[in-house]
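Trainee: Chain residues, written in single-letter form:
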Amino acid sequence: MALTLFGVVLNRTGWVWLIAGWAALAGVAIAQPADMQMWSVKAQDRPSDAGDAVQLFWSPIAPAAEFICYIVQRAPAAEGPFETIATVVSIDTQYVDAAALTGDVYFYRVAALDSVEAGAADQTTSPADSLSAASPARTVDTIYTAVAGPVNSTAQWFNLRRLNQFLVIIILSAAIIYFISQARSGKQLYVRKIAGLQAMEEAIGRATEMGRPILFLPGIHDMDDVQTIAGLTILARVARTVAEYETTLNVPVSRSLVMTTARETIKEAYAAAGRPDSYNDNMVHYVTDEQFGYVAAVDGIMMRQKPATCLYMGAFFAESLIVAETGAEIGAIQIAGTAQPAQLPFFVAACDYTLIGEELFAASAYLSGEPRQLGSLKGQDVGKVMAMCALGLGAALLTLHSLVPGWPILANMADWVGKVFQVR
Amino acid sequence: MGFVLIFAFFIPHHPFDALGEDVTVFFDIVAVFAFILGGGNLLRMHGNHIYTRHKDRWFSAVTLAGFLLMLFAGLFKIGQEGWCGAVDQPGAWFNNIYTATFDPLQSTMYALLAFFVASASFRAFRAKNREATILLVAAFIVLLGRTPAGDYATDWLPDSLSIFKVSNLANWIMSVPNLAGQRAIVIGIALGVVSLSLRVILGVERSHLGTDKS
Numbered sequence: 001m002a003l004t005l006f007g008v009v010l011n012r013t014g015w016v017w018l019i020a021g022w023a024a025l026a027g028v029a030i031a032q033p034a035d036m037q038m039w040s041v042k043a044q045d046r047p048s049d050a051g052d053a054v055q056l057f058w059s060p061i062a063p064a065a066e067f068i069c070y071i072v073q074r075a076p077a078a079e080g081p082f083e084t085i086a087t088v089v090s091i092d093t094q095y096v097d098a099a100a101l102t103g104d105v106y107f108y109r110v111a112a113l114d115s116v117e118a119g120a121a122d123q124t125t126s127p128a129d130s131l132s133a134a135s136p137a138r139t140v141d142t143i144y145t146a147v148a149g150p151v152n153s154t155a156q157w158f159n160l161r162r163l164n165q166f167l168v169i170i171i172l173s174a175a176i177i178y179f180i181s182q183a184r185s186g187k188q189l190y191v192r193k194i195a196g197l198q199a200m201e202e203a204i205g206r207a208t209e210m211g212r213p214i215l216f217l218p219g220i221h222d223m224d225d226v227q228t229i230a231g232l233t234i235l236a237r238v239a240r241t242v243a244e245y246e247t248t249l250n251v252p253v254s255r256s257l258v259m260t261t262a263r264e265t266i267k268e269a270y271a272a273a274g275r276p277d278s279y280n281d282n283m284v285h286y287v288t289d290e291q292f293g294y295v296a297a298v299d300g301i302m303m304r305q306k307p308a309t310c311l312y313m314g315a316f317f318a319e320s321l322i323v324a325e326t327g328a329e330i331g332a333i334q335i336a337g338t339a340q341p342a343q344l345p346f347f348v349a350a351c352d353y354t355l356i357g358e359e360l361f362a363a364s365a366y367l368s369g370e371p372r373q374l375g376s377l378k379g380q381d382v383g384k385v386m387a388m389c390a391l392g393l394g395a396a397l398l399t400l401h402s403l404v405p406g407w408p409i410l411a412n413m414a415d416w417v418g419k420v421f422q423v424r
Numbered sequence: 001m002g003f004v005l006i007f008a009f010f011i012p013h014h015p016f017d018a019l020g021e022d023v024t025v026f027f028d029i030v031a032v033f034a035f036i037l038g039g040g041n042l043l044r045m046h047g048n049h050i051y052t053r054h055k056d057r058w059f060s061a062v063t064l065a066g067f068l069l070m071l072f073a074g075l076f077k078i079g080q081e082g083w084c085g086a087v088d089q090p091g092a093w094f095n096n097i098y099t100a101t102f103d104p105l106q107s108t109m110y111a112l113l114a115f116f117v118a119s120a121s122f123r124a125f126r127a128k129n130r131e132a133t134i135l136l137v138a139a140f141i142v143l144l145g146r147t148p149a150g151d152y153a154t155d156w157l158p159d160s161l162s163i164f165k166v167s168n169l170a171n172w173i174m175s176v177p178n179l180a181g182q183r184a185i186v187i188g189i190a191l192g193v194v195s196l197s198l199r200v201i202l203g204v205e206r207s208h209l210g211t212d213k214s
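For the protein sequence lines, the chains are A and B, in the order given.
According to our numbering, the first sequence is numbered sequentially starting from 1.
According to our numbering, the second sequence is numbered sequentially starting from 1.
Keep in mind the hints are simulated off the structure, nothing from the lab.
Check each hint, because a few of them may be wrong.
[Said to hold, decoys possible] Straight-line distance between alpha carbons at most 27 Å, and here's what the computed DSSO-like set of lysine-lysine pairs gives: (1) Lys419(A) <-> Lys384(A); (2) Lys187(A) <-> Lys384(A); (3) Lys55(B) <-> Lys306(A); (4) Lys128(B) <-> Lys193(A); (5) Lys267(A) <-> Lys306(A); (6) Lys193(A) <-> Lys384(A).
All chains should be modelled from the sequences, with the hints used to inform the complete structure.
Mentor: So this is what it looks like as structure tokens:
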């Protein structure tokens, strides 16, 4: 039912707020539950946080449909004064007081407002600004629950909700370090061949034969993105080969920090190749931070200079297909690598070789051929085995549950397996 | 520092709770000052092109003119309102140039994507081998299933065969084989990030710092 009041059309939610506000102003219409002695609120420090929240739980008042909302009140002492901090407009029976200060002591109580329209409550929770201003008008007698407290919010030293991630990281790190040490001790480790990386030297050689430059794009993100770091580690390997072949390298970048880092990377690579004199700062040049300004400039460079080899290694977005198609247009051999799943199809369609996801991060280790770095790749496989086992187990449990619905333990176990890998 | 940030992710207690954000702010401050290097490089490189009468000097002249114009408009804020107002204020020089010139140019570049998608699809969807044929058929079903024509073409199928309606087939392709592949890639990426991060933090991978020596 909608009604126009003072020019405002009231819908269901409007009615709720109107009634809640009226009740707070008048201090009336507080319903008396039949089992008042049994109804209480539980207040506790929110676990695994920085000490800035208190959780409140209470049992629903029956029948819930007769009550329109709960009012949550807070006080620094058991005897008050209580201040309304929120109105829970629904059948929700919990609330998080995120305005609690670390170390301060609080007392809480909850009241239920009787409803004139059964079932008018909805699922929203919001601060009761209008109510808090009017709360002094209310009397203590109208509050239903016993006062809960004292409770104070304290900070914890470990986030237990992230325990699963912590354990997974510990296992992964231990596996990677173990395989690095194995590789150090001289053990031969098998790493599968990556076609895109095997073609890298061939692509550089082709540019040398054709007397054309090599274009390298490290993506459009800054140095705080691990994809950019992965791109620059590949640039170091590429630059070393380029220096040995005495080919021209062109690296337009869209971030100033990437420019300075890429310059250092290439300078050292040229020095390591024994050709420090061939290096010059103009190899790496800043274009613009703007995404499409950058891609326009890169397209222009490609059409004018006609590089024989184009390498795209880093974080790419909408510009991925624009640059890759321009590269295909000029007949360049193209190798791309990114960890942006949405851009991979574009690179696969337009480039000769594509490093898919993890291959981008493995590229530098693969190209270096160093046992220690290859060992770290082997450590990743432990993570893959864990993921495959979890996927297989979860799928099997859920399939069994669908076949035997009378065994809820199967669904619970599948849920548990899912939670082990849940990111919070 | 890398290890501290990793452990800070699991410690909600002060000062670790805000450490990640603090480091991000530090990075932003460094990046802002680094922009002076980028701007300087742009001026030097394109100025050099003009000075040496490089064959691309006209492009460089346009680049420099645009850069200096925007720089001047952005810095020339001597009033509170009108032309010299804040950069995001409607009517200000900077805002006018941005919305009337730069925005349309960006949109133009973005619009080119539609044509590139067409040309890339033309090349990718050739039935050269078995895998390419599967890709072609899947792409055809998904494209058709996303249009009203797809629904219309298979609307006559009875409810018992509704799974074979093009829109349902397209949804199945996107939510089962495609999603499974995407998740496999994402899991691989997560493991790759952990591995590379450890290599960098432990000093095994130092090539991005310009040296292989650990």
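Trainee: Could you check the structure against the hints above and give me the numbers of any it violates, in ascending order?
Mentor: none
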